[in-house]
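Participant: For reference, the chains in residue letters:
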Amino acid sequence: MWDTVFPYLLSGISVGGQYALIAIGYTMVYGILRLINFAHGDVFMVAGIIMVYIAASGLPLWLCIPLVLLITVGVGFLIERVAYKPLRTAPRMSVMISAIGVSYTLQNLVLYITGGLNKQYPTIPWISDTMVIGPAKTKVVTVVTPFLVILLVVALVLLINRTKIGMAMRAVSKDFETSQLMGIKINNVISTTFIIGSFLAGVGSILFFTNYPTVIQTSGAMPGLKAFVAAVFGGIGSIPGAVIGAFIIGIMENIIKGLDVILFKAGLTSAPLGLATFSDAFSFALLIIILLVKPTGLFGEKVTDKV
Amino acid sequence: MNLKRSKKPMIITLALVAAVYIAVFIAEQQLPATSMLFTVLKKGAVYALVAVSMNLLNGFTGIFSLGQAGFMLVGAYVYGIFTIPVVQRAAVYQYFDGGVIQFTVPIIVAVIMAGLAAAFFAFLIGLPVLRLKSDYLAIATLGFAEIIRAIFQWNGLGPVTNGSNMLRAFPNFNDFNIKDTQGNVTVYLSTLIPFIMAGVCILLIVLLINSSYGRALKAIRDDEVAAEAMGINLAHHKRLAFCVSSFFAGVGGAMLAMYQTTVQAKSFTSAMTYEILLIVVIGGIGSVTGSVFSSFLFVACSEWWLRFLDEQQTIGDFQVPLLRNGFRLVVFSIIIMIVVLFFRRGIMGDKELPDLLSRRAGKKGRAVK
Amino acid sequence: MSEAVNKNEVLRLENITMQFGGVVAINNLSLEVNQGEIVALIGPNGAGKTTAFNCITGVYEPTNGIVYFHGRPIVVNHPQGKMVKQYGGINGDMYKDRKLVVHTPDRITHMGIARTFQNIRLFKSQTAFDNVLIGTHLRKMSNMFTATFRLNAKEEKANREKTAQLLEIVGLADVANELATSLPYGKQRRLEIARALATDPTLLLLDEPAAGMNPQETDELGEFIVDIKNRFNLTVFMIEHHMNLVMDISDRIYVLDFGKQIAEGTPEEIQKNPVVIAAYLGVEEE
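Residue numbers (this note's numbering), protein chains in the order written: chain A, 1 to 307; chain B, 1001 to 1369; chain C, 2001 to 2286.
Looking at chain A on its own, in the form it has when it is part of the complex (with noise of 0.2 Å):
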């Protein structure tokens, strides 16, 4: 029974630290314009189109990562300016269609790059090799990335918690306005809320890609939504609680995917229910139930409406 659910554990513990990951850009901006970027999953999927063309034009592999961390941060910190600061003033809806059009933008865009072809992503070495762990056989991977992205929570709440812009941005989370009038340079503060984002959804897209090694124009989208699904599970605005949530779905998304194999070998089925359908359906059911029982998440902070 465990040597059936292990592999799909694993796997589902790597995939959640990737969408932990992507889930952190969105629930910093979240928290910061109250804004859902839609965006920031295409992002997520830009940098790993970034990473194909560079690795092909044959630079080394060590120069290519942080180029291509720095592309993608570039990337985000100018959709942020092009679309959303000339919106500060204008109804969220607005700022929300916007997303969308910049979302749309960027996968017509590498659909024109590319030609709308899956382009193999390119063989990182060590982190790709196969190891065995018990009873799974997986890539390297896997297993660095939990630890990977302990390592950048711990110190992006270092940052956040120690450091003046981490201040500046504990400060325009709660109010906006006031902090603006307490001379706090608020494009400053949500660029860098952007940038750091990004790094993270490139960082998030070299793991990704390593295990799925294709990319598309749509490769960002369900990463993209299931990530958001996690930072509100965990709590909107809350970077604890996106993480964990980024877990947590990760992991039970794979199980579904597995549960087929799982149950079968387990002998309560007999014949395979094709349940692994549901395993993007899942988050959603999730994320919907999670809205409706604490729309505040496991870990966000209750805020009331005035009337």
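Treat the hints as calculated values from the structure; they're not laboratory data.
Treat the hints with care, as some may be off.
[What the hints assert, rightly or not] Derived pair list, reagent style DSSO-like, types lysine-lysine, alpha-carbon separation capped at 27 Å:
(1) A/Lys85 - B/Lys1133
(2) C/Lys2187 - B/Lys1351
(3) C/Lys2154 - B/Lys1007
(4) C/Lys2082 - A/Lys294
(5) B/Lys1008 - C/Lys2154
(6) C/Lys2085 - A/Lys294
(7) A/Lys164 - A/Lys85
(8) A/Lys174 - C/Lys2082
(9) B/Lys1133 - C/Lys2082
(10) B/Lys1008 - C/Lys2157
(11) C/Lys2007 - C/Lys2099
(12) C/Lys2157 - B/Lys1351
(13) B/Lys1133 - A/Lys294
(14) B/Lys1007 - C/Lys2124
(15) C/Lys2157 - C/Lys2229
(16) C/Lys2157 - B/Lys1007
(17) C/Lys2140 - C/Lys2157
(18) C/Lys2272 - C/Lys2260
(19) C/Lys2124 - A/Lys85
(20) B/Lys1008 - C/Lys2162
(21) C/Lys2162 - B/Lys1007
(22) B/Lys1133 - C/Lys2124
(23) C/Lys2229 - C/Lys2162
(24) C/Lys2260 - C/Lys2082
(25) C/Lys2140 - B/Lys1007
(26) C/Lys2124 - B/Lys1351
(27) B/Lys1133 - A/Lys174
Place chains B and C on chain A using the hints.
Facilitator: Okay, now just chains B and C, sitting in the frame of chain A:
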């Protein structure tokens, strides 16, 4: 004492609409059926209906819902499932022994069933989801659309939905053409009928919007607290708008099935919803006419007018750079972003065609008494 | 605890306490408003006046207490769950065994309580006419289908006539087709009152109707309130800061400070009441 606006702009609008229908009918008899024009008109009619139904929610009720693709999927499947000729079922449901449903219903009944099924799903979803606020509601409806998609793709329901396989062989728009005994088309109706279907549905939505209920919906959009203080039951009215919008999205889905001639759950993704949302935005959030115009414009550009961008072009000896497959969509996206960022009111803002006509006629038409 | 103390009673609050988290916004407020009266609720900023209105109209659910409307309990609540421990008011056990009654604001409007808002809340994208017309929606007999297919033409016509009449009464007939938000402030306030009247209330709650008006406008408003009260056979309960207006038209006044009722009486009594004067002007510390 009654307050009346001049009827004139309304009459002009109706005349224009009638003229369009007549033009469509004549064009269809005269031009070759393969003309790109008809592709655009058919698909445009489908999108117009779906966009207007989305506008009813997003523009007129202020509910930011992103579930449209899910409801279209329900409509498309219900239509397909109940209209595939019995003789074809063995071939279509080849992996499921011909499926369990072994009867068909008339097209019009199937279309109405499509709408009702979508509305039923909306009713179920609406109970929990409509309590949520703006962006949570958006993401929850998006999630529900994905759940619906998974359910319809599930092999366990294969005998009904054909699982993840395609539904086909159901009646499509071309079956509306009247043929003689040899099978030659005598009267072309394959564009006019979808126009009439979409037209009737949009008319119903317009009538609803301009009724007492429509005013209540607009009140909710403008100020929920005040609307509730005026005795408007928020839950009831929002659910109503949600179900009505989904009904028409379901009908739109059935029409999309007819247009595409095949249906597969995997094509009804959130990307489809986004596309419709962008159409609504371009047309103007809160304008039915805007949604209709922009649907046709969107379809015409993407299927026809901007097609040249997808192919290599040479002017004289000059090879135009950049042009290749996919460039059209890039240009398109940029146009959309420009609209979203700089022309947020879209083509029509929240005005309708009669409003524009009456403005031209001067303010005389708006006098009191 | 008889249900109806006197037959003239329209509204009665009994031991209403509203607590948000640890903050007690209203503390054990009891008051009554009788048929045909104009009663004012006054008090310094933050005294809990609008909160009291929100408790009556169903926007908030009070933590404890009962609201009677025409002798019928429309809100009944007592501290529950976490509130049992946190409860900072008094009489927390009084209604322990009463059946809870909760209504959404729209139900309460149905029963005949209409209100205006302190920070005008008109339907922004609509004309003055449509704003009032929306107020008639709740008394409709039609359903969605009859309304869509215009089978309710008679009702629609009656509603439009009623709307036009109301606009005439509040003196806005000439701006009926203007966008509500394009009207000057004073007219917006009148429009809000017209909209509230369209719901056929028996009790009208006015939340600072004279806010932002100059003295002349305020005087006119006073006459206007008395006028519509008589014309529609209303009872009026209002929050107001303009003391001239309050003293001119109110029959009785309740004074609230820090969520507590500190005085009650006729305008003359209130004017002389040292507690009220202290609350408004402050007392010097000894």
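Participant: Can you list which hints this structure breaks, lowest number first?
Facilitator: none
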